[in-house]
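S.K.: Sequence:
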Amino acid sequence: MPSKLNARRKIMRNVNKVKDADGKNVDIPTKLFDEIAPKYKDVKGGYTRIIKKGQRRGDAAETVILELI
102 MPSKLNARRK IMRNVNKVKD ADGKNVDIPT KLFDEIAPKY KDVKGGYTRI
152 IKKGQRRGDA AETVILELI
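In terms of this note's numbering, the sequence shown opens at residue 102 and continues consecutively.
Simulated from the structure, these hints should not be mistaken for lab results.
Be aware that a few hints might be false.
Unchecked claim - 35 Å max Cα-Cα, derived DSBU-like pairs, lysine-lysine:
{"id": "1", "residue 1": "K142", "residue 2": "K125"}
{"id": "2", "residue 1": "K154", "residue 2": "K142"}
{"id": "3", "residue 1": "K120", "residue 2": "K145"}
{"id": "4", "residue 1": "K142", "residue 2": "K132"}
{"id": "5", "residue 1": "K132", "residue 2": "K145"}
{"id": "6", "residue 1": "K153", "residue 2": "K132"}
{"id": "7", "residue 1": "K153", "residue 2": "K142"}
{"id": "8", "residue 1": "K105", "residue 2": "K145"}
{"id": "9", "residue 1": "K105", "residue 2": "K140"}
{"id": "10", "residue 1": "K105", "residue 2": "K132"}
{"id": "11", "residue 1": "K153", "residue 2": "K118"}
{"id": "12", "residue 1": "K145", "residue 2": "K111"}
{"id": "13", "residue 1": "K120", "residue 2": "K105"}
{"id": "14", "residue 1": "K111", "residue 2": "K154"}
{"id": "15", "residue 1": "K105", "residue 2": "K142"}
{"id": "16", "residue 1": "K154", "residue 2": "K118"}
{"id": "17", "residue 1": "K145", "residue 2": "K118"}
{"id": "18", "residue 1": "K154", "residue 2": "K125"}
{"id": "19", "residue 1": "K153", "residue 2": "K111"}
{"id": "20", "residue 1": "K118", "residue 2": "K105"}
{"id": "21", "residue 1": "K111", "residue 2": "K125"}
{"id": "22", "residue 1": "K111", "residue 2": "K132"}
{"id": "23", "residue 1": "K120", "residue 2": "K154"}
{"id": "24", "residue 1": "K154", "residue 2": "K140"}
{"id": "25", "residue 1": "K132", "residue 2": "K118"}
{"id": "26", "residue 1": "K132", "residue 2": "K154"}
As the list claims (entries may be wrong) - What follows is a set of in silico ranges between Cβ atoms, one per label pair, in the way DEER data are often shown:
{"id": "27", "residue 1": "R157", "residue 2": "K105", "range": "27 to 33 Å"}
{"id": "28", "residue 1": "D135", "residue 2": "G159", "range": "31 to 37 Å"}
{"id": "29", "residue 1": "I166", "residue 2": "K145", "range": "32 to 38 Å"}
{"id": "30", "residue 1": "R150", "residue 2": "K111", "range": "18 to 24 Å"}
{"id": "31", "residue 1": "K140", "residue 2": "K111", "range": "19 to 25 Å"}
{"id": "32", "residue 1": "S104", "residue 2": "Q156", "range": "32 to 38 Å"}
{"id": "33", "residue 1": "E163", "residue 2": "K142", "range": "29 to 35 Å"}
{"id": "34", "residue 1": "D160", "residue 2": "P139", "range": "32 to 38 Å"}
{"id": "35", "residue 1": "R157", "residue 2": "R114", "range": "24 to 30 Å"}
{"id": "36", "residue 1": "T164", "residue 2": "A122", "range": "17 to 23 Å"}
{"id": "37", "residue 1": "K111", "residue 2": "V144", "range": "19 to 25 Å"}
Note that beta-carbon positions come from the ideal geometry of N, C-alpha and C, so glycine has one too.
Let the hints inform the model, and build the full structure from the sequences given.
M.R.: Take a look at the structure:
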């Protein structure tokens, strides 16, 4: 099983920096591990929904909305 630090580093490599509605930076790994993950601790399945949004302006990278169900 990977360490918590290793898991956070993997997430930090793949997640872009995000700002909330007030323009403050959001610490995604902390929010994911401390707020979101505990809600899904006892869930038997790991279901996700991926909604494609289209290509991003500038580099034409595919963007999606990822929902945990």
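S.K.: It remains to establish, for every hint, whether it holds in the given structure.
M.R.: A quick look at each hint next to the structure:
| no. | hint | in the structure |
| --- | --- | --- |
| 1 | K142 - K125 | holds, 28 Å |
| 2 | K154 - K142 | holds, 29 Å |
| 3 | K120 - K145 | holds, 32 Å |
| 4 | K142 - K132 | holds, 15 Å |
| 5 | K132 - K145 | holds, 22 Å |
| 6 | K153 - K132 | holds, 23 Å |
| 7 | K153 - K142 | holds, 27 Å |
| 8 | K105 - K145 | holds, 21 Å |
| 9 | K105 - K140 | holds, 17 Å |
| 10 | K105 - K132 | holds, 13 Å |
| 11 | K153 - K118 | holds, 20 Å |
| 12 | K145 - K111 | holds, 24 Å |
| 13 | K120 - K105 | holds, 24 Å |
| 14 | K111 - K154 | holds, 24 Å |
| 15 | K105 - K142 | holds, 15 Å |
| 16 | K154 - K118 | holds, 19 Å |
| 17 | K145 - K118 | holds, 30 Å |
| 18 | K154 - K125 | holds, 24 Å |
| 19 | K153 - K111 | holds, 23 Å |
| 20 | K118 - K105 | holds, 20 Å |
| 21 | K111 - K125 | holds, 23 Å |
| 22 | K111 - K132 | holds, 15 Å |
| 23 | K120 - K154 | holds, 19 Å |
| 24 | K154 - K140 | holds, 26 Å |
| 25 | K132 - K118 | holds, 13 Å |
| 26 | K132 - K154 | holds, 23 Å |
| 27 | R157 - K105: 27 to 33 Å | holds, 31 Å |
| 28 | D135 - G159: 31 to 37 Å | holds, 32 Å |
| 29 | I166 - K145: 32 to 38 Å | violated, 24 Å |
| 30 | R150 - K111: 18 to 24 Å | holds, 22 Å |
| 31 | K140 - K111: 19 to 25 Å | holds, 20 Å |
| 32 | S104 - Q156: 32 to 38 Å | holds, 36 Å |
| 33 | E163 - K142: 29 to 35 Å | holds, 31 Å |
| 34 | D160 - P139: 32 to 38 Å | holds, 35 Å |
| 35 | R157 - R114: 24 to 30 Å | violated, 18 Å |
| 36 | T164 - A122: 17 to 23 Å | holds, 19 Å |
| 37 | K111 - V144: 19 to 25 Å | holds, 21 Å |
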